[in-house]
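The opening residue of the sequence shown carries number 30 in this note's numbering; numbering runs sequentially from there.
Quick caveat, the hints were computed from the structure, so don't treat them as lab data.
Some clues are possibly wrong.
[To be verified] Restraint-style ranges between C-beta atoms, simulated for each label pair:
1) Glu153 x Arg265: 43 to 53 Å
2) Asp98 x Ala160: 17 to 27 Å
3) Pro79 x Ser242: 28 to 38 Å
4) Gly256 x Thr135: 26 to 36 Å
5) Thr109 x Pro210: 40 to 50 Å
6) Asp197 x Thr135: 20 to 30 Å
7) Ala163 x Val253: 19 to 29 Å
8) Asp152 x Arg265: 20 to 30 Å
Keep in mind it's a predicted model, so treat the numbers as computed, not measured.
Glycine is no exception: its CB is placed at the ideal position from the N, C-alpha and C atoms.
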Amino acid sequence: MSDNGARPTGDAAPALRLRGLHYDYPDGSTGLRGVDLDIERGELVAVLGPNGAGKSTLMRLLNGLIRGDGAIDVFGERLTDETVRSIRSRVGLLFSNPDDQLFSPTVIDDVAYGPLHQGLDADEVLARSRAALAEVGMAAYEDRTPHRLSLGEKKRVAIATVLSMRPDILVLDEPTSALAPAARHELIELLRALPQTQIIATHDMAMARDLASRVVVLSDGRVVGDGPTEVVLGDRELLREHDLEPALHGQAGAQRDSA
């Protein structure tokens, strides 16, 4: 397979194709060690793994927030210095902490930030922003101050900041972390209703069981498990070997810091 950046853009191309993805941290330690993955259009994939497995690193690589070695193709287009801006418009990244994503005086200002910097006119920016807030059930909050919202409300607004850019792929890092049970359930139902391809890094085993059609297990920067959710989560030996607890029916899921 050539790495010259030329890729077909037809229906045969998966939503994401990763080949030989490798990343070293500034201190010289290794985050990812040659990850190969295909994510098909419309899939909802949970990425599980112990702390330090490389999950958050992988999420940040997928839209070029950080850059490593290897190849990332988005709908057949290679992620390069020349294409990173267009790919970021197609791959929306949600951080684990919504305070990293919300910084404006009002909710509507935060949600409008992305489309505004896409060069859209003011009417289109406002229409997109209000539509995104309505999609996450936060239409009545556009004039509120983000830092005064609850954590669950902040996470919904943070998702709206991504949806306002009309991405084809959602990349979510620990979306249910630290949420109360009711807010967690509401967020899972919101994600279930969204049409985009989704890749979700999580420690929440119950969410992976209830929401994802496929589970990928990362450990020490490598893919050590990949398959249908019921198969992977049913492999107790695999889960135990990589410090993951099987999800029990009705279990709230572990809420730990992202890797």
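Hint check:
1. At roughly 51 Å, the beta carbons of Glu153 and Arg265 sit within the given window of 43 to 53 Å.
2. Remark: the range hint 17 to 27 Å for Asp98 to Ala160 is contradicted by a beta-carbon distance near 38 Å.
3. About 23 Å separates the C-beta atoms of Pro79 and Ser242, a value inconsistent with the hinted range of 28 to 38 Å.
4. At roughly 44 Å, the beta-carbon separation of Gly256 and Thr135 lies outside the given 26 to 36 Å, and the hint is violated.
5. Against the hinted window of 40 to 50 Å, the Cβ-Cβ separation of Thr109 and Pro210 comes to about 43 Å, which satisfies the hint.
6. At roughly 28 Å, the beta-carbon separation of Asp197 and Thr135 lies within the given 20 to 30 Å, and the hint holds.
7. In this structure, Ala163 and Val253 break the distance hint of 19 to 29 Å, their C-beta atoms being roughly 40 Å apart.
8. Remark: the range hint 20 to 30 Å for Asp152 to Arg265 is contradicted by a beta-carbon distance near 55 Å.
The structure fails to meet hints 2, 3, 4, 7, 8 from the earlier list, while all remaining hints are met.
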